[in-house]
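Colleague: Chain by chain, the residues run as shown.
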Amino acid sequence: MVTVNDYSGKIRPDWCPACGNFAQLSAIKNALAELKIEPENAVVVSGIGCSSNLPEFIRAYGFHGLHGRLLPVASAVKWANRKLTVIGYGGDGDGFFEGTQHFFHTAKRNVDLTYIVSDNQIFGLTTGQASPTSEIGFISKTTPDGNIEKPVNPMTFALSAGATFVARSFSGDPKHLQEVIKKGIQHKGFSFIDVFSPCVTFNKTNTYDYFRKRVYKYEAKDPSNFEEAYRAVQEWGDRIPIGIFYQVKSQSYEDLDPVTAEETPLAERPYRKLKPEDFEEFL
Amino acid sequence: MRDDEIIIRVAGAAGDGVQSAGQIIAKTFSRKGLNVMTYNYYQDIVRGGQSWYQVRASGGKVRSQGDGLDILIALNKDGVERHTNPDINEGGASPLSGIAIFDKSISGYTERKVTYVPMPLSDLASKHSSFALMKNTVAIGAAMAATGVDFDTLSSVILDVFGKKGKVSEQNVSAAKEGYDYYLSNHKPTGKKLSFGSKRKYLIGGGEAIGLGAVRGGLKMYIGYPMTPASSALHYLAAHARDFGVFVKIPEDEISAINMTIGANYAGARAMTGSSGGGFSLMVEALGLAGMMEIPIVIYESQRPGPSTGLPTKTEQGDLNLVLGASQGDFPRIVLSPRDARDCINLTSEAMNLAQEYQTPVIIMSDLYLSEHNETVDSIDPEFRIDDGRRPVDGEKDYKRYLITESGISPRAIPGQKGLMHNEDSDEHDEYGDVVSDAETDPTKRVAMMDKRMRKLDTLLRKMPPTETYMLADAEYAVIQWGSTAGVTEEAIDILRGKGHRIGAIKVNRVFPVNPDIGKLCSGKKKIIVVENNYSGQFNRLLKAELGLKTVLVRKYNGEAFYPSELAAMIEVKIW
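Protein chains in written order, with the working numbering: chain A, 1 to 283; chain B, 1001 to 1576.
These are computed hints drawn from the structure, not numbers from a lab. Among the hints, erroneous ones may be present.
As the list claims (entries may be wrong) - Restraint-style ranges between C-beta atoms, simulated for each label pair: (1) B/Pro1226 with A/Lys108: 13 to 21 Å; (2) B/Asp1044 with A/Pro174: 55 to 63 Å; (3) A/Gln251 with B/Val1393: 30 to 38 Å; (4) B/Thr1309 with A/Lys175: 53 to 61 Å; (5) A/Pro270 with B/Pro1189: 51 to 59 Å; (6) A/Arg212 with B/Ala1439: 26 to 34 Å; (7) A/Lys108 with B/Lys1418: 31 to 39 Å; (8) A/Pro13 with B/Glu1406: 33 to 41 Å; (9) B/Val1161 with A/Ala261: 47 to 55 Å; (10) B/Asp1398 with A/Pro270: 24 to 32 Å; (11) B/Pro1189 with A/Ala261: 24 to 32 Å.
Glycine included, each C-beta is placed from N, C-alpha and C at the ideal position.
Please work from the sequences and hints to get the whole structure.
Modeller: Structure representation (structure tokens):
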């Protein structure tokens, strides 16, 4: 019987009090426990940034790698051992600046993993610079006169790239967050979850209050309707929808590749012994 | 040149079928039990230009592309002109001193002291096919007749090469027979006495040998972005992925390739990536990640001349500084540089084990010369003992992923193992893997971890096999070489010995950490000559820094490999 305590790490998170990352850590632990996934079969791969410290605070297999590079690592972990539940976890700077190409291609490949982005619309760990999701006019250390670059919409990006599960949630709504993460983990294929995660220290614009006033729960009439999802994720301003916008069934990369498709995970298969016939072609 | 040795060169434009023709000739000789080495001179274009493919074959040792040229098959006028010119400027290649075979329609070339054999190649080919390249097959038939090899062996190779193409393979056999018979009826053979045998030899490319060695060493995933000259290994493995049970993937870039390789190894599947210097440059940050997290990875780095895009289809050994200095901070890395195809197989299998044993990056440095030429190997041993290194048992009490040990090697748990959950971190960490870069900053632990990781090199050095030598025992002069120049260096030594010089060679295929025995091998020598295929003498600099050797440098950086007589002359100047 797996309980959430099985996932409790011995290290106390070093995030600022009330940081949006706390809610996500709890939601991930709860979701994994509710899905009865044993901690030894859960791998959390992160990049670099405040949020990316998360693998240190969860009792699972953690991989705290390089800025922007968590998705290639996470993909290969899944390919090496398809029995594992793989969660990629990082920030908006990590995922939508340096990791952009990996985000695009991992979504396209439909690798069976859950990618959660703690989106605080700022660089926190480096003490407050504009990020790819910072809004126009946003004032930060690097944009003292206000940001002039349009923010990226990670949702339309994920949809365009071919993600088969696209959702958004909010750290201020832990119940919703946990439910969405749980569904994301259950989804077979690439699940993308963008989480509004207020940075209480450096982002004085996109606060808990800012989101509480705006977010509402979106229910897709037909989650497999791409056009509907694409329209819905673009709503922004006074009202911002959260929920599962898009979900379709599609074979994952490791199901399609004949080598990874076999039941026994690659990592657990015996080593292939060479035979003289293997190099007969050179004779 | 010896009587039992022959060099044949096929010259033409890209798209003329130069390489395919050369490969048929090479395989015919390897099936007749000769030792063979090929050399591919080509440009970064798909059509046009001037390329050539050379085959050297002998009953004796063949350790380089060799000097001299006995038979030229020229597929255009430029080919006839260029390769009969004594002032040939093809990077060290010899001009023709024997027979030039070409289509009789080619005329107006400068007459030189060679035997011109204009033949009705196209006419003979058109009896069997309207396909333009069929005339190459006629020329191959003629050239093979000139060497005295039997037609049946040639025909068996043609059938295998075109085997899947049904009628086309029969047409090619007929075309080859036309050329073979025509030559014998109208012209004289070369007079060479090749010692043909009946035992076929393996003819394998360096890139394929790397791939085969990796599979023998337990490879389960190969992730690589295409880049010449590393792609031959990628193509070989992709073609055999299902047979070998190896997952092969081209990702979005080399940054992804190395991070995937790290992820796969982290999760317990032996994985490897490969590229040339440009792609390796993109992998630099993640190289240090593997060093810090102590995750085994193997990187195949096949060099070509830089800087930047450089000469994509040429050879050089100019990436050593890059490989040795790549990534911030100090961490242990192992650099191997195979000498030839056999060494590619052996060292790559070994690299797969070394990475696991030492839990750190192992880089196999090849170059275009080694990765893209074919050579014969007498035998390939399918056996190899795979060692996964130090692993903990499930549920081990108080498990420490980075346990401080004398060897520097700690027990590596794999995701899925019960009770061994831990975090692996790019930040500095303690024995448990817990970060010490944050609130828990701990200078003592930092030093302990740094020392532990670096101790792996001491452990490795203690187990390092002695450096191999050639004719060194009585030598007054020592040549030191690394990687693919081993064969040509031996041949240069033979030439110099023939001229009375007491000279020998130290052959380094384990570049880093530097084996201190190299210093001992050099003691008492009058002069130490370091041979390198690069501008600045990168290995020479390493030897000076590590061993304090006083050396002189012989270098070549025009994009081509050393030729034996050329290298002998370059060395001789240094020992006068």
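Colleague: Now tell me if each hint is right for this structure.
Modeller: Do the hints match the structure? See the list:
Checked against the hint of 13 to 21 Å, the C-beta distance between B/Pro1226 and A/Lys108 comes to roughly 18 Å, which is consistent with it. Range check, B/Asp1044 to A/Pro174: Cβ separation about 58 Å, and the 55 to 63 Å hint holds. Taking the beta carbon of each, A/Gln251 and B/Val1393 are about 36 Å apart, inside 30 to 38 Å as hinted. At about 55 Å, the beta-carbon gap between B/Thr1309 and A/Lys175 stays in the expected band of 53 to 61 Å.
A hinted range of 51 to 59 Å holds for the C-beta pair A/Pro270 and B/Pro1189, which are about 53 Å apart. A beta carbon spacing of about 31 Å between A/Arg212 and B/Ala1439 agrees with the range 26 to 34 Å that was offered as a hint. Judged by the Cβ atoms, the range 31 to 39 Å given for A/Lys108 and B/Lys1418 holds: they are separated by roughly 35 Å. Judged by the Cβ atoms, the range 33 to 41 Å given for A/Pro13 and B/Glu1406 holds: they are separated by roughly 35 Å.
For B/Val1161 paired with A/Ala261, a C-beta distance near 33 Å fails the hint of 47 to 55 Å. Between B/Asp1398 and A/Pro270 the Cβ separation comes to about 31 Å, which falls inside the hinted range of 24 to 32 Å. At about 56 Å, the beta-carbon gap between B/Pro1189 and A/Ala261 misses the expected band of 24 to 32 Å.
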